[in-house]
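Our numbering puts the first residue of the sequence shown at 2, with every later residue one more than the last.
It should be emphasised that the hints constitute simulated quantities derived from the structure, not laboratory data.
Hints should not be assumed to be uniformly reliable.
Each computed DSS-like pair below joins lysine-lysine, with the alpha-carbon atoms no more than 25 Å apart [what the hints assert, rightly or not]:
id, residue 1, residue 2
1, Lys39, Lys25
2, Lys155, Lys114
3, Lys155, Lys122
4, Lys92, Lys122
FRET-style restraints, in silico, Cβ to Cβ [said to hold, decoys possible]:
id, residue 1, residue 2, range
5, Gly165, Glu110, 24 to 34 Å
6, Arg42, Leu73, 40 to 50 Å
7, Leu73, Tyr49, 31 to 41 Å
8, Leu79, Asp43, 49 to 59 Å
Glycine residues also receive a C-beta, built at the ideal position from the N, C-alpha and C atoms.
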Amino acid sequence: MEDEVQPDAGSELTCEANVSLILKELREFRKDSGQQLKGIRDDINKIYRRVDEAEERINTAEIRIQSSEDVLSELLKLQVQMDAKLTDLKKGFEFQGRRVTLDHDYAPELIRKRNEYAEAKTALKERGIRFQTPFPARLRVFYKLGTVIYNSVKEATADMAERGTPVTVLKSPKSLLDQIHQLTW
2 MEDEVQPDAG
12 SELTCEANVS
22 LILKELREFR
32 KDSGQQLKGI
42 RDDINKIYRR
52 VDEAEERINT
62 AEIRIQSSED
72 VLSELLKLQV
82 QMDAKLTDLK
92 KGFEFQGRRV
102 TLDHDYAPEL
112 IRKRNEYAEA
122 KTALKERGIR
132 FQTPFPARLR
142 VFYKLGTVIY
152 NSVKEATADM
162 AERGTPVTVL
172 KSPKSLLDQI
182 HQLTW
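Kindly generate the complete structure, drawing on both the sequences and the hints.
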């Protein structure tokens, strides 16, 4: 038994010291790891809170966008309805079984002067020539060679007759009073 080594008191103390040192280091490592894990856990919780906050903001924004889309959709429907009503009003409407048409509220003298162009407008329509009657009582004709604005019925019918449009050329009024009336608007 000579080979058997007897543990001596010094080596047992050294072994105990090593074990206690290892335990101490393990406890410190555990404490450090716990603190690091706590920091990581806090960071993860902050990230979760920020994600939740972002999701709430996104949901709020989506709700606003949806309500805005609904409002825009309703506005577009109203615009279409208003356009249809405006078109109907331009064509006229029926009230108590009678057809009502809306037109400009011109003075009777101006209406008379505008109506003097009726024969010329009819001839232009028959030939498919585009025209307008701008205020007060003029005639704008869009010929293929260019646009012409006539300031009087006499001027319009004379030029249209020269261009080959079948219209009655109006003569100048005989009396001075009629000439003044024709020249004034």
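Hints versus structure:
1. Annotation: proposed proximity of lysine 39 to lysine 25 holds, straight-line Cα distance about 21 Å (limit 25 Å).
2. Distance restraint check for lysine 155 and lysine 114: the Cα-Cα separation of roughly 11 Å lies within the 25 Å cut-off, and the hinted pair is therefore satisfied.
3. Among the hinted pairs, lysine 155 with lysine 122 is consistent with the structure: their alpha-carbon atoms are about 13 Å apart, no more than 25 Å.
4. Between the alpha carbons of lysine 92 and lysine 122 the distance comes to roughly 19 Å, so the proposed pair stays at or under 25 Å and holds.
5. For glycine 165 and glutamate 110, the hinted distance range of 24 to 34 Å is satisfied, since their beta carbons lie about 32 Å from each other.
6. Taking the beta carbon of each, arginine 42 and leucine 73 are about 46 Å apart, inside 40 to 50 Å as hinted.
7. For the pair leucine 73 and tyrosine 49, the beta carbons lie near 36 Å from each other, so the given range of 31 to 41 Å is met.
8. Restraint check, leucine 79 to aspartate 43: a C-beta distance of roughly 54 Å satisfies the suggested window 49 to 59 Å.
Comparing the model with each earlier hint shows no violations; every hint is respected.
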